[in-house]
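Spelled out, the chains give:
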Amino acid sequence: MQMDRSVPITWLGQHDCHDARLSGGKAAALSRLAERYSVPPGFCLTSSALHGIAPPISIPGRLRAAVVDAYATLAREVSAVAVRSSAVDEDGALTSFAGVHETFLNVRGDGALLMAIERCLESFFSPRALAYRHERGAFDAVRMAVLVQQQIVSDVSIVAFSANPVTAARDEIVVTASWGLGESLVGGTVTPDTWWVRRDGRVEAERIGDKRRMTVTTLDGCREVDVPRMMRKLPSLSAEQVREVVQLAVQLEQHQGRPVDIECAYSGGRLYLLQCRPITTLRSARDRAGPAPPEQESSTSF
Amino acid sequence: MSVTATGAGMRPIVVWEQPGDEQMFWQQDRMHFPNQLSLLEDDFIKFFYTEGFSAAAAGYELPIRPHARRMLTRHYLAIAPLQLSHEELEELGKRSEKNVGDAMARQRQRWDTEFLPEVRRMLAEWETFDLQAASDDALLAHWDATLARLARLSRIHFDLAIPMLLGLGLFDETYTDLFSAESSLESMRFLQGIPTTTTTTGQELWRLSRLALAEPAVRSVLESEAAADVVPALERDPAGATFLAELRAFLNRYGHRSELWGLSYPSWIEDPSPAIKMLKDYLSQPERDLVGEMESLATERERLTAEARAQLAGYPAQVREQFEFALAAGQAANYLQEEHGFWIDSYGFDCVRQVILEVGRRLVAQGVLAERDDIFHLRFAELRAALADPSSDLRGLVTERKAELAAFRDVQAPPVLGTEPPGPPPDNLIFRTMGKFFGAPPPPSDEPGVLRGAAGSAGSVRGVARVVRSLADAQRLQPGEILVTETTAPAWTPLFASAAAVVTDTGGVLSHCAVVAREYMIPAVVGTAMATAVIPDGATIEVDGAAGVVRILAD
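Chains A and B, in that order, are what the protein sequence lines are.
Here the first sequence is numbered in this note's numbering, starting from 1 and rising by one per residue.
Here the second sequence is numbered in this note's numbering, starting from 1001 and rising by one per residue.
Treat the hints as calculated values from the structure; they're not laboratory data.
Careful, some of the hints might be misleading.
Just a sample of chain B residues kept apart from chain A, beta carbon distances all over 10 Å, derived [as the list claims (entries may be wrong)]:
hint	residue
1	R1110
2	Y1315
3	A1317
4	G1423
With a straight-line Cα cutoff of 27 Å, these simulated DSS-like cross-link-like pairs (lysine-lysine) come out [claimed, not checked]:
hint	chain 1	residue 1	chain 2	residue 2
5	A	K233	B	K1046
6	B	K1094	B	K1402
7	A	K233	B	K1402
Note that the Cβ used here is the ideal one computed from N, Cα and C, for glycine as well.
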C-alpha cells in the first residue's frame, strides 16, 4: 500500500494507523489491537507530519491546529490524555526502546498537551536516545511519531504473561496486579499480587503482596503515594477478574502466534488493554522452579 | 487485701491477685481512673470489663482480651493477646476484621435504632423506681435488677466502643496514608463540628449565661456569690425564679455527668457547683459567640471534605470507597464517643450510683455502716449480703479499708507492672489505635523546663498554669488560664470554653480531652505523663499544641 504522506493525524483502529512507518511501532500495534480489543481511544502525530523537525522543537502552526482539533474530538469523552513516543523502529521484535523516551501522564488542556508533545519529541534527541539508536545500528534520520491516548484512571494495573517468563512453562499464565496506575508496578516500587494460572483456568498458586505504594492521577499529573494500610493486603483482583485477564492473555497469544506479555487495567469495572508485546526473554523449556512458596506473614490488619 | 505497703521511699510490693498475673503486662489507666480505687469501684470496673469489654471482644472475635486489676489501690489494665498459633491468629484476624468492619458501617444506625432506645428504657426503669419508698426486699430485688441492667449497659458500651474507636483509628490512618499528613491533627479536622450532647451541654450552659447577662438581679447573684451559694440566693430573689427554673431544667436534662468515670463522684444534680462555676466564668466573656465558633468548624470540615474528594477523583475507585467508608466510620465514631459517654457513662452510671447511695443510707440507719459513703468500701457481694441481712456491723471492716487507702495514698504506683512482652507491641490497627487513645509514653525531653506529649489540638498560647487535682479544685481556674490536670472527663469540658489551653498527664490524640479541645479550638498537649508533677501551680507556661510541647517560662 502507498503511504499517504499528507496525513498529519491518524486514529487508533483506523487502517492507516496500522502502518508502523507512519505511526511508529507502538501505535501501529495498538491500532491493530483496537480492532478487536478494548484499547483506550487515541490519535497519532504521524512520522510524515513530524518529518524534519529537530531541536529546538516547535510544532508548526498547521499541525498545532490539527492536534487541538483531534484533542477536542477525543476530549468529548475524556479530558485527560497520556502522551507517549512511538518511534518508527520502536517496539519491533528486535529492538526495545522501552523507557528511553519520555511519557507524560494525565495531561489536560490544549497548552499542556502541545507542551507535552514538544517535550516528548525532544526526548528523541536526548543523548541517551541517540546513544541507544547508535548502539542498535539505527543510523537513519530520526523517524518519530507521537501517540496521544485517553488517560485511563486505573483502579488496578495488571501485567500478565501468557507463559511463565521465569520457568518458561508455556502452559502457565502469570498475572501480577496492584492498585492505581501501572508506573509503580512496572517501575518495581511495589510488591504486587501474583496469580499462577493454568490454561484451563485452574489457579495453581496465589500470593497477595503487601502493596504499600501506588501511582495515582492528580490535578496536574500523577504521583506515587502510600496505599492506605487497610488495603495493602487486600487482593487487587477478584477471582473472576483474574479469569478475565487470563482469557485475554490466551486470546492475544493465539492471535499473535507466540507468547506475549500484556499491560492492562481495570477502570470503572472495565478491562482495558494498554500494551501487548512478545515475550523476548522466554527461553526454551528448562528446570521448572514453580511458583515461590507463600511466606509466613500476616495477611490481616488485626 | 491484695497488696502491702512498705516504708516510705521503698519500692512498693505488689501482691498479685490471680495466678499468672505476674506474667501479664499491666498499664495504669490514669486517664479514666486517676485516683485510688475503693473496693466497690474496683468491683464495678471488673464487672464493667468482664460483662462489657471481654464479652464484646469475644463477640467480635478480636484476638485480645482485657483484664482489670486493683494494685497498690490503683487501676491497672492489661490487654492480653490470645495465645494461639500463627494460623489460628490469621483466621481470627480475618473474621474479626470483617465483624468489626460490618459493625463500623452500622454503628450510627445501631445506636439510633437499637442501643439508645434500649438504654433509655433501662434509664426509665431506674427513674420510675421509688428508691426511698421501696421496702428492703424490694430494694434487694432492685439491686439484682440493677446489676442485670449494668451488665447489659456494659455490653452495649463495648459493642459500640470497639468499632467506634477502631473507626477513628481507621480514618486517621487512611487519611494520613493517602495525603502524607504529618500529624493526626490533620485527619481529625474532618470529624470536627458535629453536634453532640457534649457540645449541646456547653452551648446550653452558654445560653443560660446569656439569659443571666440580660437579667441584672441574676447577673449580680452569679457575679457576687460563691458557686455553692448561688442556688439559695436565687431562691430568695423573686427576680431569679425564671432563671432558676431554666437552670433546674438544664441540670435535669444534662446534669447526670460527674467529675470522673465510675460511681464514686456526685453528679451535677447532686451538687451543681461545677456547672455554676462554669456559668460564672461564661459571664465574664460577654462578647464571645460560642455557637458561631462551633459552626465555623463544621464549615471548615465541609470545605476540607470537598477538597479531599476532588483530589481523590484520580485515585482508584476502591481507594475512594475506602476513604468514604473510613470517613463515615470516623464521623459516626466522633458523634458516638460523646453520645455513649452521656447516655451510658454519665446517665446510666449515675442511676447505679443512686441505688448504691440508697443502700448506704439504709445501712447507716441499720447500724451496719457509720456513714452513707462508707458503702463504697464494700464489695458488690458484701453490699448485697448486708442488704439481705442487715444484722452485721461492718464499721470495723470499713475502717480497715479506709486505712489501707490512706496507707497507699502517697505511694508512687508505677505506670506499668508485670512482665513487659518482648519486642514492640503488635503493629495492627487495634494496638496502633489503643496507643492513640490511651497515649504512648511521651518522647523524652532533654531540654530543661520542656515537656513533651502528644499533639492534642493545634494552636500556641502563653499563660498562667493552673494545676487542678479535681473538678472542685477547678474552681480556682480563671478564664484565660491554662488547665493542667491528669485527665478530663465529659463534666470538665465546659471549662474548655474559658481555659486558654489544656495540658494533661494522660491520653492521646483520640482521647476525650483532645477531641473536645479541638471542638473548643483551644491548644492541647496530652499524655505528658508528668505535667501535674513538674509544672508549678501559677507558673507561666507556653503550650504548642501542634508540636505537643509545653515550655515552663517562669515559676
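Okay, the hints, checked on the actual structure:
no. : hint                 : verdict
1   : R1110                : 20 Å, holds
2   : Y1315                : 5 Å, violated
3   : A1317                : 5 Å, violated
4   : G1423                : 14 Å, holds
5   : K233/A with K1046/B  : 37 Å, violated
6   : K1094/B with K1402/B : 48 Å, violated
7   : K233/A with K1402/B  : 54 Å, violated
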